[in-house]
Amino acid sequence: MSCSLSPEQAAEALDAHVREIVSWHFSPETGCPYWLERATSLGFDPMTEVTRFADILKFPHFDDEVLRKEDPARFIPNAFAGRPYNVFETGGTTGMPKQRIGWEDYKTDYTEFSEHYGPDFFPQGANWLMVGPTGPRRLRLAIEHLANIRGGACYFIDLDPRWVKRLIGMGEMRMAKAYQEHVIDQAATIIRHRDIGCLFTTPKLLESLAERMSLADAGIRGVFAGGTTMTPQYVRFIEEEVLEGKINFAPTYGNTLMGLAISKKRGPGEYSLTYHAPQPRAVLRIVDPENTEKVMDYGDYGRVELTTLTKEFFMPRFLERDEAIRREPCDEFPWDGVGDVRPFQSGTKTVIEGVY
Amino acid sequence: MNLPILRLGQTYESCDRVELDLGDGKMAVTHTANPGLIRRDLLRATEAKAALDAIPADTLASYCEQAAELFMTADLPCGDDHQSPQQYVESLSALTRLPHSLVRMNMTKIHAAMSQVRTVINGLTRNMPLEIFDRGLASAPGSSSDLALNYFPATSSLGVSLPSNAPAVNSLWIPAPVMKIPVFLKPGREDPFTPLRIVQAMIQAGFPKEAFGFYPTTHEGGDTIVTCCGRGISFGSDATVKKYADYPSVSVHGTGRSKILIGEDMIDRWPEFLDVIVQSISANGGRSCINTSAILVPSKRDELADALAAKLAEIQPLARDDENALLCGFANTALADGIDDLISAHLKEPGAEDVTAEHRDTPRKVEAFEQTYLQPTLVSCSDPEHPLANTEFMFPYASIVEIPQSEMLANIGQTLVVSAFTEDPDFIGKLLLSPDIERLNLGAFPTNRVQWEQPHEGNLFEFLYHRRAIQGNVAVA
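These protein sequences, in sequence, are chains A and B. If you read the first sequence in UniProt numbering, its first letter stands for residue 1, the second for the next number, and so on. If you read the second sequence in UniProt numbering, its first letter stands for residue 1, the second for the next number, and so on.
List of simulated lysine to any residue pairs, SDA-like, C-alpha gap at most 20 Å:
1. A:Lys177 <-> B:Asp246
2. A:Lys311 <-> A:Val87
3. A:Lys177 <-> B:His219
4. B:Lys243 <-> A:Tyr179
5. A:Lys107 <-> A:His17
6. A:Lys177 <-> B:Cys228
7. B:Lys243 <-> A:Gly171
8. A:Lys177 <-> B:Thr218
9. B:Lys243 <-> A:Met170
10. A:Lys177 <-> B:Lys242
11. A:Lys177 <-> B:Ala245
12. A:Lys204 <-> B:Arg39
13. A:Lys204 <-> B:Arg40
14. B:Lys242 <-> A:Met170
15. A:Lys165 <-> B:Asp246
16. B:Lys242 <-> A:Met175
17. A:Lys177 <-> B:Tyr247
18. A:Lys177 <-> B:Pro248
19. A:Lys246 <-> B:Arg40
20. B:Lys242 <-> A:Gly171
21. B:Lys243 <-> A:Ala176
22. A:Lys204 <-> B:Cys15
Far from chain A, by Cβ distances over 10 Å, these chain B residues were calculated:
23. Thr46
24. Thr59
25. Glu358
26. Glu407
Please keep in mind that the hints were generated in silico from the structure rather than gathered at the bench. C-beta: ideal position from N, C-alpha, C; glycine also.
Full structure from sequences and hints, please.
Here it is, written out as structure tokens:
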């Protein structure tokens with residue numbers, strides 16, 4: 001699906017969105033206690049000095065420890081006072097979890113995702129199965145919303161990534177594998193006994209599931225996956241062998257703090273993934289790790305920096321624990337993309353990633 | 001040169017690749033297999049086994065003997081190219097920094113393992129006929145009774161995660177396809193050539209290509225091969241041993257800590273043993289787990305240490321193509337730095353002295369012939385508990401420790417090979433019953449001595465096959 005905006009028009013729309021959102025979060029009538037208090041120590045007035053996206057650089061990097069330490073209620077915009085809200089937690093963190101509150105953002109993100117793929121990619125009316133982290137995660141509600149707006153129901157098999165990380169940290173590889181098999185057993189049972197047409201899962205679970213059965217023969221027509229690094233070889237392997245070239249595959253990059261970055265359409269034989277943030281609600285920049293004000297040249301790896309800009313949540317310049325290639329805007333998404341995402345500095349240190 | 005994956009013998013080009021510098025502007029490119037791809041191939045392991053099952057084991061043994069000659073002499077497929085024996089020597093030397101002479105020595109060992117595969121398997125099965133792999137049945141060798149033996153395969157695949165430091169370790173898996181067990185191989189990063197050359201020689205000789213998987217891959221891919229095959233073999237350090245401790249299907253060849261023990265009855269003859277000990281320490285560039293890393297003597301430590309150090313110091317770095325070269329360079333100079341720094345740091349602790357240092361004009365670590373070398377090092381330890389007394393490094397390194405004969409066995413710890421220089425029946429009796437020794441050489445033999453019918457670690461046949469009790473009318477089988 002092409003976007004009607006040119007890159008210049010998209011940039012203008014982003015600047016206008018920045019003005020609206022910053023004004024919302026730093027106005028006493030609509031803003032939240034955390035940002036109103038934080039504004040007094042910023043050293044500049046966001047209401048007057050942030051008029052375009054480039055001005056976001058005036059904010060320091062958002063420290064995600066805030067999301068562990070602060071009461072999530074301090075992020076409730078005054079405009080939303082009294083409205084029930086969801087508390088979401090990020091994926092695999094251990095110890096005190098990072099929390100974000102929300103109301104409708106996840107529905108907005110997943111409705112946009114649904115519209116992007118049209119009626120055939122994930123068959124309209126099909127039931128979904130989510131195999132992955134449910135619990136306090138935004139994803140659980142988001143996938144159900146996605147299934148529902150496409151006319152289907154959603155079944156769930158839970159997987160606790162925190163327990164998997166702990167098992168691996170303890171060197172309990174056999175137990176981690178046994179847990180994965182336990183999850184796959186349950187998923188295979190649901191697929192065999194219910195009419196499932198679409199799947200959301202992590203790539204590794206998808207592989208394991210496909211080792212048990214032909215997903216195409218089992219009636220799966222579309223798979224939506226995300227959560228871990230997918231190299232071009234990995235994407236090719238998933239499409240050709242795991243999905244047997246018969247199932248639509250939508251790889252995504254996202255998290256509780258950003259929402260959902262959709263991958264750009266690829267040509268035949270093209271396996272390198274490029275994700276585009278749900279701009280203007282979130283912006284991804286590929287920055288120089290040594291000088292994070294500077295973006296990398298197109299084609300170069302740099303660290304992923306996320307800015308979230310919705311009325312429910314404002315988070316400027318959060319440095320993700322990922323790195324990616326800065327990619328050019330395209331017809332579908334007239335703003336920068338992030339390519340071949342992988343853990344930050346994954347070439348120089350051991351990272352426990354994507355076992356689930 | 002492009003080295004794709006072999007998936008049950010079929011070429012597969014991965015999008016993930018690793019470039020390896022062969023020097024003179026030449027490159028080798030290995031194709032990296034993702035772990036899931038390996039697991040999917042394992043789902044087809046029974047097809048690979050069926051291809052081997054269709055051929056009598058005696059024929060497979062003949063193929064292996066023919067493959068030995070091809071390995072040594074033929075131009076063999078190597079990815080999208082062909083490789084002559086000389087090109088193999090040069091390419092492997094460029095990647096591993098083994099001198100050409102040592103590559104050839106390793107080739108000779110591999111050739112012997114292939115050409116003598118019947119002897120090897122006889123040693124493993126204690127002379128059962130090869131028919132045991134066709135029918136599962138045989139009579140007990142040498143038995144006057146009609147006792148029937150029934151063995152069945154415990155797995156349909158053997159996964160091997162290979163190292164780069166010693167090409168001859170490939171000899172360990174070579175009998176498996178003759179025993180009708182397909183192999184899934186992860187080559188070491190710097191040695192994709194040896195396992196591929198053996199595989200191609202075997203295919204050329206007649207083995208079904210489906211019997212072989214060749215997967216350059218990541219550490220995770222290596223774990224997949226070793227733990228997802230019904231049986232797995234890995235090589236590594238104490239950390240590797242610990243990593244797979246919970247997997248009874250995995251056999252780990254860990255740190256060797258091989259030793260020479262000289263008995264009280266023979267220590268006065270120490271000048272006779274100098275050459276054997278130097279060979280034990282320095283053969284194969286000191287890179288093997290069967291190289292001696294400690295010498296235990298009841299007396300005369302200082303005299304023996306000084307004489308050994310003088311001989312070891314004569315081993316100098318030479319160019320890789322020098323036929324007299326014995327030392328290997330380090331492809332990874334950081335590894336050489338780390339080893340050198342560690343030894344130097346430990347030498348500051350009381351109880352150890354580098355006796356080779358007095359016989360050299362240069363430091364242990366030197367740059368020569370555009371490579372980094374660690375020169376042979378003998379450390380004399382007055383304290384058996386010193387951290388340098390019972391360790392091993394990937395170059396000619398050994399310690400020498402004086403300890404009463406009566407206390408030796410209590411102090412050796414887990415040891416891959418012990419060469420016991422003694423004729424004392426009482427001492428030999430204790431050595432034979434020691435649970436800490438994997439292979440015991442009785443007499444003044446080097447620790448790196450190889451007898452093909454005596455595997456130095458484990459028994460591949462017993463690893464791959466189980467014996468079952470069988471009764472009744474066996475004659476109709």
